[in-house]
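Asks: Protein chains in written order, with our numbering: chain A, 2 to 209; chain B, 2 to 209.
The set of hints was computed from the structure by calculation and includes no laboratory data.
Wrong hints could be hidden among the right ones.
No copy is singled out in the list; a pair is fine if it fits within one copy or between any two copies.
[Said to hold, decoys possible] Within a straight-line C-alpha distance of at most 27 Å, the following computed BS3-like cross-link-like pairs (lysine-lysine) qualify:
#1 Lys118 to Lys204
#2 Lys199 to Lys115
#3 Lys75 to Lys136
#4 Lys75 to Lys61
#5 Lys199 to Lys116
#6 Lys61 to Lys115
#7 Lys194 to Lys116
#8 Lys118 to Lys6
#9 Lys61 to Lys136
#10 Lys45 to Lys132
#11 Lys61 to Lys199
#12 Lys61 to Lys194
#13 Lys45 to Lys194
#14 Lys136 to Lys45
There are 2 protein chains.
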Amino acid sequence: MSDLKLTYFDFHGGRGEPARLALSMGGVPFVDDRIPIAEWPERKAGTPFGAVPTLQVDGKTLTQSNAINRYVAKLTGLYPSDFWQAALCDEAMDAVEDVVNQIGSTMFLPDDEKKSKREALTEGMFPLYLKQLSKNLEENGGRYFADDRLTIADLKVAMLTRQLTSGILEHIPTDLVERVAPDLLGHFERVMKDPSIKAYYAKHGVEV
Amino acid sequence: MSDLKLTYFDFHGGRGEPARLALSMGGVPFVDDRIPIAEWPERKAGTPFGAVPTLQVDGKTLTQSNAINRYVAKLTGLYPSDFWQAALCDEAMDAVEDVVNQIGSTMFLPDDEKKSKREALTEGMFPLYLKQLSKNLEENGGRYFADDRLTIADLKVAMLTRQLTSGILEHIPTDLVERVAPDLLGHFERVMKDPSIKAYYAKHGVEV
């Protein structure tokens, strides 16, 4: 087994969380390197693309969150081997990344501009994406995004659902998912009921 | 063998070109559905996420360019089976996608704003990414991005190199790659010398 160190911010969510969950679910030991936000400016310069998560594997650094997700999902049995099911898994992960990128692009804007951009996303791209994700879920059996079982794609989508419904994003209504893609709420509950995910958050003292 | 239809714009490049190249290189028959730019507004609404490429596989539609790339690369032997080599392949593809997203975000801006945003990218993100891609190339043997052979990652990177050096992007200097990551030019030449890629472009009457 390789030596693994996953580096990401010190909160429960975001681009690094699916890999943390996957490694924990698979019982794969890893160093859980959590960067306090205050240390980020200093740590940023030491990352290959100025971004986290990164995954060190026997001292070599892998970047790009979905590349990391896919790699750890293969190690932990959370990635389909069938080509088409793997493609559905990839599609959902990259669609979420599109949304996450748009959220990210508004994160450090002045408040007026943040408000207008997030309102535009709430009217346009977000419902389009959430509805299509919901449709994909339905077309693939209604329970999970690929392989008719929990895969890394479900962890990725669930983290987005949690972010959008949690109220931590100003100017994005917390009932957006419920209004446009209620099936994603059922999906989120399903993922969070997984015993190993429940155990993970219980260990970290997080209510889900 | 599945029935495949790849839908993308009618030009030689961009997000759809690596999959076209991979399918052609692998001798996998597919319907090469090319949308004339004038027809895009009408066709856009019929796509799941308002975007191309899409790949129809036996009538089911797959979206997200790197999900499509990975799927066709598996069909055509252009994707590593080793987990780590596959991760390197994924990392390069997603890094290119980050750059492509930034280029895309400037595409329809008023000229003043396009100029200032592209100049900022030329000073900041682009050199960071191009240098890191060049470093990844070197760390993986200097010839290809993964598996010490031509994979889908090389096709993805080569299309970016061609886009950045071709002069089609206003306000992005065509010598940027040469200045900051000259190894990517050597890599581009290496990819374009592949006999099946040469044959593909010769068939389409394109000089490369």
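Asks: Need the list of violated hint numbers for this structure, in ascending order.
Replies: 1, 2, 5, 6, 7, 8, 11, 12, 13
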